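K.L.:
Residue numbers for the sequence shown follow UniProt numbering, beginning at 1 and rising by one.
No lab work stands behind these hints: they were computed from the structure.
It is possible that some hints are incorrect.
Stated by the list, open to error - For lysine-lysine, the following BS3-like pairs were computed, each having C-alpha atoms within a straight-line distance of at most 30 Å: (1) Lys175 / Lys223; (2) Lys172 / Lys194; (3) Lys135 / Lys172; (4) Lys130 / Lys117.
To be verified - Have a look at the derived ranges for each label pair, beta carbon to beta carbon: (5) Asp136 / Lys172: 20 to 30 Å; (6) Asp182 / Asp24: 47 to 57 Å; (7) Cys47 / Thr96: 17 to 27 Å.
All figures in this text were calculated on a predicted structure; none of them were measured in a lab.
Quick reminder that beta carbons are idealized off the backbone N, C-alpha and C, glycines included.
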Amino acid sequence: MKKEVFLIILLTVCSFNLYSQDFDCSTYYKKYYEDLNNDALNPNKECINNLDAFCAGVKQGLESKELSIKQIGSPDHIGTCSYASYENYGVNLIMTGGIIDDAKVNDENAGFNFIMKQRIQDSLGLETYKGLGKKDSKWIELNSDLIKAFCNTLVIENATDSTIILIIDEIKIAKTDFKNLDGVIFTDALGNDKFSYNDLLNGIKINCTGDRNKRGFLLLDFKEYSNPRFCKCKLMPRWIVPIRTKI
1 MKKEVFLIIL
11 LTVCSFNLYS
21 QDFDCSTYYK
31 KYYEDLNNDA
41 LNPNKECINN
51 LDAFCAGVKQ
61 GLESKELSIK
71 QIGSPDHIGT
81 CSYASYENYG
91 VNLIMTGGII
101 DDAKVNDENA
111 GFNFIMKQRI
121 QDSLGLETYK
131 GLGKKDSKWI
141 ELNSDLIKAF
151 CNTLVIENAT
161 DSTIILIIDE
171 IKIAKTDFKN
181 LDGVIFTDAL
191 GNDKFSYNDL
201 LNGIKINCTG
211 DRNKRGFLLL
221 DFKEYSNPRF
231 CKCKLMPRWI
241 VPIRTKI
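With the hints as extra help, turn the sequences into a complete structure.
P.N.:
Listed below in structure tokens is the structure:
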């Protein structure tokens with residue numbers, strides 16, 4: 001009974017903020033509050049600090065054409081497998097910037113995710129919702145260690161003062177997590193010529209700088225990589241790999 005009385009008082013006190021919205025946000029906040037506290041002996045009096053921000057998030061969630069979940073953080077700090085753990089189900093992961101604790105952003109995200117939780121469950125089912133964000137231990141994530149392993153499979157030969165020959169050692173690549181690189185597009189960053197995995201198995205020629213330590217640059221695009229264990233996402237990074245050889 002105390003919980004219900006407190007909720008009525010809280011909604012009354014906040015009514016000025018709620019009335020400023022162009023839709024009835026109080027209904028959504030009441031449900032959010034009840035869900036958040038349904039197992040608590042005493043209600044959490046400060047579950048939302050900024051009702052306007054919460055209601056803005058609710059409105060965004062209702063109007064969004066795509067299923068999404070928002071989290072605090074920078075996109076640059078999130079790996080491809082984290083994105084894939086949402087996108088594989090048709091749900092976007094939206095990072096709302098920084099790691100600084102911003103109550104307004106937190107409250108807006110809370111409103112948005114509250115609506116999306118129900119939309120995702122209605123569209124994809126409860127079990128799918130529970131599986132969002134969970135990564136399979138068998139997944140392969142593109143990172144600097146994997147790129148280093150790729151570089152170690154390359155046979156590098158001088159061609160001319162301004163070109164380098166690259167060949168992938170098929171036996172070495174098979175021993176890495178990659179196994180093969182079917183579908184990966186390789187681009188000579190200094191010349192813009194594009195090559196396939198088969199091209200690199202046979203040997204390609206790329207441009208390089210003509211200084212003491214000859215350097216070329218290979219751009220790797222994994223969007224069409226065929227390995228089913230490899231994590232791919234909409235914000236798939238492309239890696240520029242420096243290729244060095246001494247004259």
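K.L.:
Each hint needs a verdict: does it hold in this structure or not?
P.N.:
Verification of the hints:
1. Note on lysine 175 and lysine 223: the hinted pairing holds, with a Cα-Cα distance of about 22 Å set against a maximum of 30 Å.
2. A distance of roughly 23 Å separates the Cα atoms of lysine 172 and lysine 194; the hinted pair therefore holds under the 30 Å criterion.
3. Our distance criterion of 30 Å between C-alpha atoms is met by lysine 135 and lysine 172, whose separation comes to about 27 Å.
4. Annotation: proposed proximity of lysine 130 to lysine 117 holds, straight-line Cα distance about 10 Å (limit 30 Å).
5. The beta-carbon spacing between aspartate 136 and lysine 172, approximately 26 Å, falls within the hinted interval of 20 to 30 Å.
6. In this structure the supplied range 47 to 57 Å holds for aspartate 182 paired with aspartate 24, their Cβ-Cβ distance being about 54 Å.
7. In this structure the supplied range 17 to 27 Å holds for cysteine 47 paired with threonine 96, their Cβ-Cβ distance being about 19 Å.
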